[in-house]
Amino acid sequence: MPSFLSKFNFRTHPATATSILLPLYFLILYTLLDYGYRALSDETLRLYYHDFFIAFCAFIIDIIAPEDTVKVIQNSIISAKANLAIVRTCDGSTSFFLLTSAILVFRSTLKLTLLGIFLALILVLFLNTIRIVSLFFLMDLNHSWFSYVHITVAPFLLLSLSSAYFAFWAYFANEVKQGGA
Amino acid sequence: MEPDYLAMMIRLLLIWFILSCLLLLYRKYFFSINKTRLLGIFSRLIASWLSLFFLYTYLSATISTALMPIFTYSLNYVQSEYSATLSLIDASNSTLQIGITTLKDIPPFIPGISYYQFFNPTSIFQGLSLVSALLIAWPVDTLKARFFLFLTSFPLSFILLMLNIPFQIASSFDSTFSKLARINDLIRPEQIYQPWVLFIANGGNYILVIILVVFATQLQKRLFS
Numbered sequence: 001m002p003s004f005l006s007k008f009n010f011r012t013h014p015a016t017a018t019s020i021l022l023p024l025y026f027l028i029l030y031t032l033l034d035y036g037y038r039a040l041s042d043e044t045l046r047l048y049y050h051d052f053f054i055a056f057c058a059f060i061i062d063i064i065a066p067e068d069t070v071k072v073i074q075n076s077i078i079s080a081k082a083n084l085a086i087v088r089t090c091d092g093s094t095s096f097f098l099l100t101s102a103i104l105v106f107r108s109t110l111k112l113t114l115l116g117i118f119l120a121l122i123l124v125l126f127l128n129t130i131r132i133v134s135l136f137f138l139m140d141l142n143h144s145w146f147s148y149v150h151i152t153v154a155p156f157l158l159l160s161l162s163s164a165y166f167a168f169w170a171y172f173a174n175e176v177k178q179g180g181a
Numbered sequence: 182m183e184p185d186y187l188a189m190m191i192r193l194l195l196i197w198f199i200l201s202c203l204l205l206l207y208r209k210y211f212f213s214i215n216k217t218r219l220l221g222i223f224s225r226l227i228a229s230w231l232s233l234f235f236l237y238t239y240l241s242a243t244i245s246t247a248l249m250p251i252f253t254y255s256l257n258y259v260q261s262e263y264s265a266t267l268s269l270i271d272a273s274n275s276t277l278q279i280g281i282t283t284l285k286d287i288p289p290f291i292p293g294i295s296y297y298q299f300f301n302p303t304s305i306f307q308g309l310s311l312v313s314a315l316l317i318a319w320p321v322d323t324l325k326a327r328f329f330l331f332l333t334s335f336p337l338s339f340i341l342l343m344l345n346i347p348f349q350i351a352s353s354f355d356s357t358f359s360k361l362a363r364i365n366d367l368i369r370p371e372q373i374y375q376p377w378v379l380f381i382a383n384g385g386n387y388i389l390v391i392i393l394v395v396f397a398t399q400l401q402k403r404l405f406s
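Top line first, the protein sequences correspond to chains F and C.
FYI, in the numbering used here the residues of the first sequence are 1 to 181.
FYI, in the numbering used here the residues of the second sequence are 182 to 406.
Next comes chain C alone, as it looks inside the complex (with noise of 0.2 Å):
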C-alpha cells in the first residue's frame, strides 16, 4: 500500500511545531534538572502510569456506572439524530448497550426505529492514565505544589474522557449507519464530530494530553512560584 505522503508530512510538521514550543516552554526548566531529580520524574511517571493503568483497565465498570448518566447526556447533545440511552451489560468487561431511538431519518431508518450496539470504553480509561502520571512525575519545589497538580488531575482526566467518549460512541453509530446506507445504495453525509473522531484517533489525544498537562503545570508555577 502507498503511503499517505500529504498526512506523514502534515503530521511531522504537528510533532515539529509541539516539540519546539515544549522546548520554547521548558527548555531553562530541563536543562537545569540535576540527576536525583530525573531519577524522581521517571521513577514517578512509570510508576503512577502503570498504577493507573491498572486502576483504570479494573475500575472500567465502577467508572462507566458513575458517569453513565453524564455519558448519555453529552451523547444526546453532540448529535441530534438518535435519542440514547446508556447500560452496563457485563461488569466484568465493562462492556456497555447503548440503546438508541431514531428522532430523524436516517437512511435506511426511518424515525421511531429502535437498535442497539456495544461499546467498550476500557481504552478510553486507560489513556487517562498518561495525564494523571505526567502531573505526579512534574518535578516541583513543595508537597503543596505536588498535592495541586495531583488534584488537578482528576479535572483534567475528566475533560480528556468528555472529550473522547460521547464522540467515538457516536462515530461507531456513524459508521454502522454509513456502512448500511451503502449497502442500500445511499450515500449517508459526513457528521460534524467526524474530523474530531479522526483528529483523536489519529494521535490528536497525545496533543490533547499535552495541552492540558501545560495548562496545569502553567497554572501552577503562576500559584506556587
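Next up, chain F with everything else stripped away, as it sits in the complex (with noise of 0.2 Å):
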C-alpha cells in the first residue's frame, strides 16, 4: 500500500501529476466558460451570434432548396414544410468551450493556442451549420430519423470529429515543442 501511495507523490512522479492535474484545469475552464456563456442574456446573444448564425443556415437552406422560401422569424427557420427552432443548447457552444479547454490546458506556445481556438471556431461552426441544414431537411422527410440526428448521430459527430480536430492539434504542438516540426 505504501509503494502505490507513494506513486501519488507529485514532486517525484510529475507524470501522475499530470494525469490528475490537466482534467482538473480542464474540468474548471470548461464550467467558467459555460458559466460566463449562461450568464449571457437571450437578447445579447441573438444581438451577436444566434442572428447571424440562424440567417446564415436558412442562405444555405436557401441555396439548396430555393423553392422552399424560408424565412427567419426570431430564433426559427421557418418553411411551408419545417419549423425548427435554434436555442442556446443548438449553437455549438458546448464543443467550442469543450475545444477551447483542451486546448488550453493543453499549453503550446501562444500562436499556435490562438490558432488552435481559432480552427476550432471555424470547425465548429462548420460543422454545426452542417447539422441545422440537415436537421432542417429531415424534419420534414422523416421524423424518426430527424430525431436520431438530433439526439444521438449530430452531437456524436461533433464531439469525435471536435475530438479528432484536438488530438491532430495537439500531436502537431507536441512536435513544435519537441522542435520536430
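If you are wondering where the hints come from, they were derived from the structure by calculation, not from laboratory data.
C-beta atoms are modelled at their ideal positions from N, C-alpha and C, and glycine is treated no differently.
Heads up, incomplete: computed chain F residues facing chain C, CB under 7 Å, no partners named:
| id | residue |
| --- | --- |
| 1 | Ser19 |
| 2 | Ile20 |
| 3 | Pro23 |
| 4 | Leu24 |
| 5 | Leu27 |
| 6 | Ser160 |
| 7 | Ala164 |
| 8 | Ala167 |
Sample of chain C residues facing chain F (criterion: CB under 7 Å; computed from the structure):
| id | residue |
| --- | --- |
| 9 | Leu204 |
| 10 | Leu205 |
| 11 | Phe223 |
| 12 | Ile227 |
Combine the two chains into a complex, taking the hints into account.
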C-alpha cells in the first residue's frame, strides 16, 4: 500500500501530477466558459451571434432548396414544410468550449494556441451549420430520423470530429514543442 | 429553474476521476501515437459507429425478437411484484408490448390484475454501437488483436444491454404505478432498482461503456503483448 501511495507523490511522479491536474484544469476552464455563456442574456446572444448564425443557415437552405422559400422569424427557420427553432444548446457552444478548454490546458505556444482556438471556432461553426441544415430537411423528410440525428448522430459526430481535431492539433503542438516541426 | 449545484458538483468530480484514471492508464500510449494511427483511430471510430447505429436501428425488431426470452426472464428476475410476458407488436418500429399480471399488492392494483404497457428499445440498441465502435477503433499492432477486440465487443454489448433493458422496462412500470398511487392518495415506496436507473439515465451508461472498453483493452494487452 505505501508503495502504491508513493506513486501519488507529485514531486517524484510528475506524470501522475499531470494525469490528475490536467483534467481538473480542463473541467474548471470548461465550467467557467459555460457559466459565462449562461450568464449572457438571450437578447445579447441573439444580437451578437444567433441572428447571424440563423440567417446564414437559412441562406444555405435557400441555396439548396429555393422552392421552399424559408423565412427567419425570431430564432426559427420556417418554411411551409418545417419549423426549426434554434436555441442555446443548438449553437455548438458546448463543442467549442470543450475544444477551447482542451487547447488552453495543453499549453502550447501563444501563436499555436490562438490558431488552435480560431480553427476550432471555424470547425464548430462549419459542422453546426451542416447539422442545422440537415435537421431542417430531415424534419420534413423523416421524423424518426430527425429525432435520431438531433439526439444522437449529430452530437456524436460533432464530438468525435472535435476530438479528432484536438488530437491532431495536440500532435502538431507536441512536435513543435520537441522541435520536430 | 435553479440549477442543482450538488448534482453538478458530483457529476464534475466523477468526470474528473474518470479522466484522471484514463490519463493514468493510457497517458504514455496516447502520447506515442503518430499521425497515421490517429487518422486510423478516428476514421474507424466514426465509420464503425455510424454503420452500427444504422444496423442497430434497422435490426432493432430482429434483435428484440431473438432476445425476447432473455428480456422476459431478466425482467421477472429484477422485480418480484408482477409476472411479465413480452411480445413484439409492431416490427416496423420495434415496439414491445409488455403484459403483466400482478403478484403482490401494488396499490391501487390488487394481486391477479392484468395490465400492459409499450416499450421501444431502439434507443438502447443504438447506445450499444459506442462499445463496439470504440473497440474497433482501438489502436492495436496485429490483426489478431483487432479481431479479438471485435469479438469481445459482442459479449460486452450484451452485458451493457442486460444492464439497461430489464431495469428500464421495470422503471417504466414503476413510473406508472407511482402516478396511479399518487392519484389515489397513496405512496409507492422507491424500488430497489431506481438508483441504478437514475444512474444510467444520467450519464452512467457512458461510464459503463468506458469500464467495458478498459476491461477489453487491458485483456487484449495482456493476451497479445
